[in-house]
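Chains A and B, in that order, are what the protein sequence lines are.
Counting in our numbering, the first sequence runs from 321 upward without gaps.
Counting in our numbering, the second sequence runs from 321 upward without gaps.
Hints in this document: simulated from the structure, not taken from any laboratory.
Predicted model only: the values in this text are computed from it and were never measured.
Glycine included, each C-beta is placed from N, C-alpha and C at the ideal position.
Mixed in with the good hints there might be a few duds.
[As the list claims (entries may be wrong)] Now the in silico label distances, taken between C-beta atoms and shown as ranges:
(1) A:E389 x B:D534: 50 to 56 Å
(2) A:S326 x B:T658: 27 to 33 Å
(3) A:P533 x B:G727: 49 to 55 Å
(4) A:E389 x B:L718: 43 to 49 Å
(5) B:E354 x A:G632: 48 to 54 Å
(6) A:R485 x B:P481: 56 to 62 Å
(7) A:N458 x B:L718: 51 to 57 Å
(8) B:G371 x A:A637: 55 to 61 Å
(9) B:L718 x A:E354: 34 to 40 Å
Number of protein chains: 2
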Amino acid sequence: MPDVVSLIHVKRDNTRPLTDAEIDWLFTAYAAGEVADEQMAALLMAIYFHGLSAAELRTWTGAMIASGETLDLSQLTRPSVDKHSTGGVGDKVSLILAPLVASCGAAVPQLSGRGLGHTGGTLDKLESIPGWRASLSNDELIRALDEVGVVITAAGAGLAPADRRLYALRDVTGTVESIPLIASSIMSKKIAEGTSALVLDVKTGSGAFMKDPDRAGQLARTMVALGEEHHVRTRALVTRMDTPLGRAVGNALEVEEAVKALAGDGPDDLLDVTFALAEHMLELAGITASPSEAIASGRALDTYRRMIRIQGGDPDAPLPTARHVQHALIAAEDGWVTRLDALAVGVAAWRLGAGRARKEDAVSSVAGVRCLAKPGDYVQRGQPILELHTDDPARFALAAEALDAAGTLAIGSAPPPATPLVVSVISAADVADQVGA
Amino acid sequence: MPDVVSLIHVKRDNTRPLTDAEIDWLFTAYAAGEVADEQMAALLMAIYFHGLSAAELRTWTGAMIASGETLDLSQLTRPSVDKHSTGGVGDKVSLILAPLVASCGAAVPQLSGRGLGHTGGTLDKLESIPGWRASLSNDELIRALDEVGVVITAAGAGLAPADRRLYALRDVTGTVESIPLIASSIMSKKIAEGTSALVLDVKTGSGAFMKDPDRAGQLARTMVALGEEHHVRTRALVTRMDTPLGRAVGNALEVEEAVKALAGDGPDDLLDVTFALAEHMLELAGITASPSEAIASGRALDTYRRMIRIQGGDPDAPLPTARHVQHALIAAEDGWVTRLDALAVGVAAWRLGAGRARKEDAVSSVAGVRCLAKPGDYVQRGQPILELHTDDPARFALAAEALDAAGTLAIGSAPPPATPLVVSVISAADVADQVGA
Chain A
321 MPDVVSLIHV KRDNTRPLTD AEIDWLFTAY AAGEVADEQM AALLMAIYFH GLSAAELRTW
381 TGAMIASGET LDLSQLTRPS VDKHSTGGVG DKVSLILAPL VASCGAAVPQ LSGRGLGHTG
441 GTLDKLESIP GWRASLSNDE LIRALDEVGV VITAAGAGLA PADRRLYALR DVTGTVESIP
501 LIASSIMSKK IAEGTSALVL DVKTGSGAFM KDPDRAGQLA RTMVALGEEH HVRTRALVTR
561 MDTPLGRAVG NALEVEEAVK ALAGDGPDDL LDVTFALAEH MLELAGITAS PSEAIASGRA
621 LDTYRRMIRI QGGDPDAPLP TARHVQHALI AAEDGWVTRL DALAVGVAAW RLGAGRARKE
681 DAVSSVAGVR CLAKPGDYVQ RGQPILELHT DDPARFALAA EALDAAGTLA IGSAPPPATP
741 LVVSVISAAD VADQVGA
Chain B
321 MPDVVSLIHV KRDNTRPLTD AEIDWLFTAY AAGEVADEQM AALLMAIYFH GLSAAELRTW
381 TGAMIASGET LDLSQLTRPS VDKHSTGGVG DKVSLILAPL VASCGAAVPQ LSGRGLGHTG
441 GTLDKLESIP GWRASLSNDE LIRALDEVGV VITAAGAGLA PADRRLYALR DVTGTVESIP
501 LIASSIMSKK IAEGTSALVL DVKTGSGAFM KDPDRAGQLA RTMVALGEEH HVRTRALVTR
561 MDTPLGRAVG NALEVEEAVK ALAGDGPDDL LDVTFALAEH MLELAGITAS PSEAIASGRA
621 LDTYRRMIRI QGGDPDAPLP TARHVQHALI AAEDGWVTRL DALAVGVAAW RLGAGRARKE
681 DAVSSVAGVR CLAKPGDYVQ RGQPILELHT DDPARFALAA EALDAAGTLA IGSAPPPATP
741 LVVSVISAAD VADQVGA
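The following block holds chain A by itself, in its conformation from the complex (with noise of 0.2 Å):
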């Protein structure tokens, strides 16, 4: 039996990668209380120093998996394909892509989180309709499945328990920004649901978790080798994310925004990552459709209508409205917007009330900020940029304060270089040299 401090020290003194053995040993060592979250959490710290190799990424992710149930969707008629984003401000892509893709016969099983910290969480955007639950039990969601095409929900307790509460400790532990134990919280949540493709929309940009690009590609090839070793189709888009996405930074303003683009009124920068990320979907999942076709024709919101009401929800009733809303960030020019920053943005709709700083805190679904003027829009001297809602007029200050740095707003005499939203497209040919290394 292996003896947890010498794994340990393996780990810190990076001699050699741990053993399938030693890591199948450590995940049902933690699981029955052997291993303390002590010594655990020393080991998390030590691979935040030097990483996973790709074998040791692979067995610890399978052991991940394998500390819950997995659920089986080969029953459906339909070829399940997901997706998963790293969390970006006004990222609503899932509420318009999730339905989308369905429409066009797709099976997307949308386990979802919620949101922690600048970036908002798709359940968290979807209860700020009346009536609707994120929980379902798993046969309500295959059911939904196989009725709608289309289920967004919060991931059950039975999946990757392991993940569970290796990520609560990263969090109190100071070990969450580890490219390995990321992808592998990630990877083993969407192996276990049972999807069989996925594709990864992984930010980088100031509003971004992985702020730096290089280190978002290698996370986005982690994962791409992560899930084609488990026989999951995986495809990953690097995307920017310097710049909220929409127009809309907050829970209910988000679905409104998200119900428009379905509608055929979405933003150009919204509707290209949506799309771009449909395409890759409907391309693992073997589906020849247009996902611009799919808008046009009203299937998409008919779809996302079908969504909302299988979950209690009521999609026709009116969203609810902030009691106070205020302007910020006047032009103190005329001239074309070069920069307006995606962490400020998120930063502030979180301090009105629209995310939590804990994840017991609860959030305002009417609280957030809505971006009057964005990069290589035109804007007069005096002219507002963003619009605060809140029900909580104290936290106008609270925003304006993550909004006050040098950095948040740019205005020059000229429009900003267009650059796509799309950095790169990891596909399994890309990673061919890590699967099975």
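Starting from the known structure of chain A, arrange chain B on it as the hints suggest.
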């Protein structure tokens, strides 16, 4: 109020030193249960990788001292001076040195620990003397120092309790081998015990905790700087620990050898190290005396006998002996012993019962190893090098396994070159640039 995850990030990313206020808060919050063991474990692992600056280490050590009581030795009429060894195989120096220095007029408050792993503990050795007890109250300790000039006792639970808790945590989380953490652990207890001066024996070589002489030197300098910063006159000797010190390894066997050395009949290497340490201790205490004269006159042995008696021991009682004795390591050729590996002999003694694997384990008084030949001795083919002692004959096989490695014994055609045991001496002047940095 600092938040512990931010402090972990600071050490993990090595962005800046922790402030005094942050370190003080950390120890207060840890004692209050507001910082959890898993958080401290992650921080310790980050410190393992990035170390502590001189200023951080001073504050860290100060916080460990402030976590408990400190002894006041100012009422003693003799100058106080203590010694600490980082631990080696056959290292019974304290048993000779402490009464020797006391017999020259110093007060030696030796608060010692127990052995763990292949190095023995001074208290374990003394407990092989019938009647001797390790635990004294603070009052008994002061009285013994007044009456005899020396006491070897267990450090009370009141001294640096934060160190006790941190050490236990480091032991199970693979974070023992960190120079600043080792230095703060040793020095917090020594400073809290109230000694005015301190000589450190930092062992290096195969049988030492610090196998690498450069790291041993770094630990020595770190501890001397820490002592001087806390107003303890401190000096460190880096000494070689490639082969057992003296010829006896094991509790009662070492007491027997120490008593012989006090009576004038000790092995050269043991006396060399003891006299070197004694000279530095006496110098720091401001006492002019000759250690060899203290032995030759019988004063040192007399002090030893009084030291044993005042703690309930009978210096005239026969020491326990093992029921089973067996030869091991038979010379395969004629020649000079050029190597007898300290670690292999230490592990063999440990497995015979002289040491413990976990701190709850009991040790055997009688178990151990006698070295019949050592490097520099001429041996003939067939001559046994070691004599193994144990009450449990099943352990002979375990000990033999430890001795089985290729590098345990080497016999050559010429005697090994004479290498001085004392590698270097670190004084306050050598670390003047670090003190107060």
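Indices of hints not satisfied (ascending): 5, 6 and 9
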